[in-house]
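**Q** So the protein sequences, as listed, match chains B and G.
Take 170 as the starting number for the first sequence in my numbering and just add one per residue.
Take 3 as the starting number for the second sequence in my numbering and just add one per residue.
Treat the hints as calculated values from the structure; they're not laboratory data.
Note that the Cβ used here is the ideal one computed from N, Cα and C, for glycine as well.
Keep in mind that a hint or two might mislead.
Here chain B is said to cover these stretches of chain G; the calculated rule only asks that three of the stretch's residues, wherever they fall, bring their Cβ under 8 angstroms from a Cβ of chain B [what the hints assert, rightly or not]: (1) 9 to 23; (2) 58 to 69; (3) 247 to 255; (4) 269 to 275; (5) 279 to 288; (6) 312 to 324; (7) 348 to 358.
Have a look at the derived ranges for each label pair, beta carbon to beta carbon [to be verified]: (8) G/I383 <-> B/K353: 56 to 62 angstroms; (9) B/T569 <-> G/K296: 57 to 63 angstroms; (10) G/S384 <-> B/G182: 32 to 38 angstroms; (11) G/R322 <-> B/G555: 53 to 59 angstroms; (12) G/M3 <-> B/G555: 36 to 42 angstroms; (13) B/S191 <-> G/D254: 39 to 45 angstroms; (14) G/S369 <-> B/T569: 48 to 54 angstroms.
Cross-link-like lysine to aspartate or glutamate pairs, in silico, EDC-like; alpha carbons within 16 angstroms at most [as the list claims (entries may be wrong)]: (15) G/K23 <-> B/E255; (16) B/K281 <-> G/D341; (17) B/K528 <-> G/E67; (18) G/K68 <-> B/E462; (19) G/K25 <-> B/D542; (20) G/K25 <-> B/D183; (21) B/K470 <-> G/D132; (22) B/K528 <-> G/D104; (23) G/K68 <-> B/D459; (24) B/K259 <-> G/E350; (25) B/K593 <-> G/D254; (26) B/K469 <-> G/E295; (27) B/K341 <-> B/D410; (28) G/K296 <-> B/E307; (29) B/K259 <-> G/E217; (30) B/K469 <-> G/D141; (31) B/K252 <-> G/E295; (32) B/K521 <-> G/E67; (33) G/K23 <-> B/E462; (34) G/K23 <-> B/E307; (35) B/K470 <-> G/D144; (36) B/K593 <-> G/D144; (37) B/K521 <-> G/D104; (38) B/K528 <-> G/D99; (39) B/K306 <-> G/D326; (40) G/K296 <-> B/D390.
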Amino acid sequence: MSEISNITSRQTGDSCVHVKHSSGLDIYICEMPGFSSTVALFGTKYGSVNTMFRQRDDEEMTVVPEGIAHFLEHKLFENEDCKVFELYAKTGASGNAFTSFDKTVYLFKCSKNWQDSLRILLDFVQKPYFTQELVDKELGIIGQEIRMTNDDPSWRVLFNMLSCMYRSHPVKIDIAGTEESISKITAELLYKCYDTFYNLNNMVLSVAGNITAEQVLKICDELLIPCQDKGLETVFPEEPDEIIQPEIREAQPIGAQLFYYGFKCRDCSGEERLRKTLAASTAASLITDDASEMYQDLLKKHIINTTFDAEVFCGDGFFTVIFMCESDYPEEVRSAVLAEIERWKTEGIDEKAFQRIKKSTYGSLIRELNNVDAVANLMLSSHMDGVSPYDAIDMLSELTSQDVLRFAEEELREDRAVLSIIEKEGEKQ
Amino acid sequence: MRFQRTEIAEGIGFSSIIDEKFKTTSIAVRFIVPLSSETSAANALGMAALTTTSKAYPTPALLNEKLSALYGAGLTSFARKRGDLQVLGVSASWICDRYAIDGEDISGEMLSIVRGCLFEPDAENGRFSDEPFAITKTDLLDRIEAELNNKRGYALAKAAENAFRGEPAANSCYGNKETASAVTPEIAFSAYENILRTAQVEITIVSPEEIPGAEADFRRELSAIDRSPVPVVFRSKSPVKAEPETLSQEMDVNQCKMVMTMKSDSDDIYAMRMLSVILGELPVSKLFLNVREKLSLCYYCASGYSATKGALIIDSGVQRSNIDKVREEILRQIQLVCDGEITDQELESALLSREDILASVGDTPASWSSWYFERLCEGGISAPEDVLLDYKAVTKARIVEAARSLKLDSVWLMLDKEVG
């Protein structure tokens, strides 16, 4: 029997339905009256970081080539008898997929025929068809994708930073792998990964928009093939708290130099990670606050421009806070960020600024609930992160400036920070 | 949804879109002027200065502090190219008052801020204040420099520069490094005044509820300006070059880029758009299925149609040794359409995709706002369902005719430094 529960936000009154389906799948549904679109995401907790794993009955760990999760995502779009896009073309839906560090998600967006499109999505993701010929054909396409991202300075600056930050954790590996690593992928390996990670107990379906929960569940009942939980165990190599080296530079043919300055923080999971993320993002927002004296001073001196920003980047086994900007003076920005953190330690955090940033974050969370894509993504990501979709908005109200200060004192440490710079070619230092 | 547009003065439209499902309100004030290399940078800066500071908020810190206190309200200026025109403006969005924890009148305050930025800028004696203007200008110069960071975007911009050489559309909507460097606080302020005086103006508010007085407030502010609007031409087809040109630039890149510009004198814009969908806008389009999937030559090979210039642009990221193969295959696929090779399924898929996109226009405030603006630029107000009828009327014969009207104008290549 499936278990159905309603989840409601205390702050906004928004609600959605969670179903633990008898097949093993977790399903989230948000009916959004008045909207025309429907967005459905069918995802597995399987991304580029999952390079080592085993199931309960396996004696040994399986280690797979870098980039295989992304490769599998590409290949799942080919059925035995046709391509999935040909099926979507008959409903009008726009189908797509993406692979990130810790998840692979298949999705469609449509305004008509959503039930037919949902049937296509649930069906093809449960029916893999891999042959060596199809694998070989994809090498050229993904090879070009890898080359394209290698020309993207905002991609390179991130991976260069991660390579100096993480000694063992596979988050430092490019999601698509390398042209060399993907050449080792075989149809057999794809099946092994599929059988391990595309188990409904490791997956989630998220549907939002112009739908009813009843209709969604009826289609799920028809199409989901029950899975036995095989006790998946993903393993990450032990990762020390320390970084490898504090600085890295690469020259590229670019117009504007850019940098990432990231702090390696201790990882955690579930509600603890969400609380930590809120504290971290508030700390980062206070440092990049465009109303602050520090920001305006750096701006006037042209040490930064309005691209100065920050983000919290975290997942299974990794947690970093990254400051970024297109700037010719990354070292000066680094010094300013560290000085601001030091200032907090002696003077504390300005309570007025903290409350203002909290309001701003609240506003952005409300905006998220105004958009079908964002709601579908929120439900899926929250589940994969082990929290409820509206936990962030509720936890935010409990966040204090002391929580932020504690986070900064414990985690934003100079000796665990990496500065990654993409320099203009010909201007290498 | 309720849509209403009123002409509040000559050349000034005020549109109100009330859609109860939204949790936010947004406004866009768009100014449409001719695009020119002489004025584009000054116009862009004259507009950008408006959202850096205002008379009421004379430092960027004060303005930003106010916006974040209003639950992170967004306020930004923009400059875009639309064919031979420059579309400039100010836009803002904020959460509805019912979500205000402390009971603030967010809408009232934000509309007042937007009007203040537009009509009471931080300027005296015919010039913007020096310090905030210097920040705005530096930011624009940085943005111009950073264009090369995005290789695909850079390739498309260079291809447009070459394809539309001698026409306004060859220019960037931000100007270039030289023209932007030359703009002073006086020049930018003069450009701002000129925009207020001469531009066609469209103001669009998208909100879940009526905002009493919003229209009257803008009407009052705008009536104080001595306006002489300059008519603009929204569509100006680009003439095809006598012989196709190929230009290239070598760079230390991993992947080459190829942008092909085809031109057409056809006025059948719906057939041209359907042609573009069939060729390269979907994962079942001819270029995706053949250049990418069948021949494994690239990761992307896509097309887009610019009705304003009568140009179909196809771009791809490829290995240097495959450039000729990709070009030949693209031209072969176009020739197949010219020969009538369009399946019923291709036609139906293209139409279904258009239908789906049109049905979802009302799902974000931004898409509602740009929908009606774009329709006005195309000659009149029409709802998505009206436009769907235009797509449904497109026949295979019209698409074939559209394809036959295409002529190759130019090819722009970004080449890696390997020996080919």
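**Q** Hints first: check each against the structure and report whether it holds.
**A** Taking the hints in turn, this is what the structure says about them:
Interface restraint, the segment 9 to 23 of chain G with chain B: holds (3 residues with C-beta to C-beta distance below 8 angstroms; minimum three). With a threshold of 8 angstroms between beta carbons, the proposed coverage of the segment 58 to 69 of chain G by chain B holds, since 6 of its residues qualify and at least three are required. Only when three residues or more bring their CB closer than 8 angstroms to a CB of chain B does the claim for the segment 247 to 255 of chain G stand; here the count is 3, and the claim holds. Under a criterion of three residues with beta carbons nearer than 8 angstroms to beta carbons of chain B, the stated coverage of the segment 269 to 275 of chain G fails, only 0 such residues being counted.
Only when three residues or more bring their CB closer than 8 angstroms to a CB of chain B does the claim for the segment 279 to 288 of chain G stand; here the count is 3, and the claim holds. Here the segment 312 to 324 of chain G counts 3 residues with a CB under 8 angstroms from a CB of chain B, which clears the bar of 3, and the coverage holds. Check on the segment 348 to 358 of chain G: 6 of its residues sit with their Cβ under 8 angstroms from a Cβ of chain B, so the three-residue criterion for coverage holds. For G/I383 and B/K353, the hinted distance range of 56 to 62 angstroms is satisfied, since their beta carbons lie about 58 angstroms from each other.
Look at B/T569 against G/K296: about 59 angstroms separates their beta carbons, and that is inside 57 to 63 angstroms. Here the CB-CB span from G/S384 to B/G182 is close to 36 angstroms, well matched to the stated 32 to 38 angstroms. Hint check: G/R322 to B/G555, Cβ distance near 47 angstroms, so the stated range 53 to 59 angstroms is violated. For G/M3 paired with B/G555, a C-beta distance near 38 angstroms keeps the hint of 36 to 42 angstroms intact.
Look at B/S191 against G/D254: about 56 angstroms separates their beta carbons, and that is not inside 39 to 45 angstroms. The hint said 48 to 54 angstroms for the Cβ distance between G/S369 and B/T569, and at roughly 39 angstroms that hint is violated. Simply put, G/K23 and B/E255 have alpha-carbon atoms about 33 angstroms apart, too far for the 16 angstroms limit, and the pair is violated. The hinted pair formed by B/K281 and G/D341 fails the criterion: a straight-line CA distance of about 32 angstroms is larger than 16 angstroms.
For the proposed pair B/K528 and G/E67, the alpha carbon gap of about 11 angstroms is at most 16 angstroms, so the pair holds. The suggested pairing of G/K68 with B/E462 holds, with an alpha-carbon distance near 15 angstroms, which does not exceed 16 angstroms. Only pairs whose Cα atoms come within 16 angstroms are accepted, and G/K25 paired with B/D542 is accepted, the gap being roughly 15 angstroms. Restraint check for G/K25 and B/D183: satisfied, since their Cα atoms lie roughly 11 angstroms apart, inside the 16 angstroms limit.
Of the supplied pair hints, the one linking B/K470 and G/D132 holds, its CA atoms being roughly 14 angstroms apart against a limit of 16 angstroms. For the hint pairing B/K528 with G/D104, the CA-to-CA distance comes to about 10 angstroms; that is within 16 angstroms, so the pair holds. Straight-line distance between C-alpha atoms of G/K68 and B/D459 comes to about 11 angstroms, which keeps the hinted pair within the 16 angstroms bound. Straight-line distance between C-alpha atoms of B/K259 and G/E350 comes to about 8 angstroms, which keeps the hinted pair within the 16 angstroms bound.
Between the alpha carbons of B/K593 and G/D254 the distance comes to roughly 11 angstroms, so the proposed pair stays at or under 16 angstroms and holds. As the CA atoms of B/K469 and G/E295 are separated by approximately 50 angstroms, the hinted pair breaks the 16 angstroms bound. Between B/K341 and B/D410 the CA atoms are separated by roughly 15 angstroms; this keeps the pair inside 16 angstroms, and the hint holds. Pair hint G/K296 plus B/E307 holds up; C-alpha atoms about 10 angstroms apart against a cutoff of 16 angstroms.
Using a Cα cut-off of 16 angstroms, the hinted pair B/K259 and G/E217 is violated, with the two alpha carbons roughly 44 angstroms apart. Of the supplied pair hints, the one linking B/K469 and G/D141 holds, its CA atoms being roughly 11 angstroms apart against a limit of 16 angstroms. Restraint check: the Cα-Cα separation between B/K252 and G/E295 comes to about 10 angstroms, which is no more than 16 angstroms; the hinted pair holds. The suggested pairing of B/K521 with G/E67 holds, with an alpha-carbon distance near 11 angstroms, which does not exceed 16 angstroms.
Taking the CA atoms of G/K23 and B/E462, the gap is about 39 angstroms. The hint is violated against a cut of 16 angstroms. For the suggested pair G/K23 and B/E307, the alpha carbons sit about 43 angstroms apart, so the restraint of at most 16 angstroms is broken. Taking the CA atoms of B/K470 and G/D144, the gap is about 14 angstroms. The hint holds against a cut of 16 angstroms. For the given pair, B/K593 sits about 13 angstroms from G/D144 by alpha-carbon distance, which is consistent with the 16 angstroms threshold.
A hinted pair counts as satisfied when its Cα atoms are at most 16 angstroms apart, and B/K521 with G/D104 qualifies at roughly 14 angstroms. Proposed proximity of B/K528 and G/D99 is supported: the alpha carbons are some 13 angstroms apart, at most 16 angstroms. For a cut-off of 16 angstroms, the pair hint linking B/K306 to G/D326 is broken: about 20 angstroms separates their Cα positions. Annotation: proposed proximity of G/K296 to B/D390 is violated, straight-line Cα distance about 36 angstroms (limit 16 angstroms).
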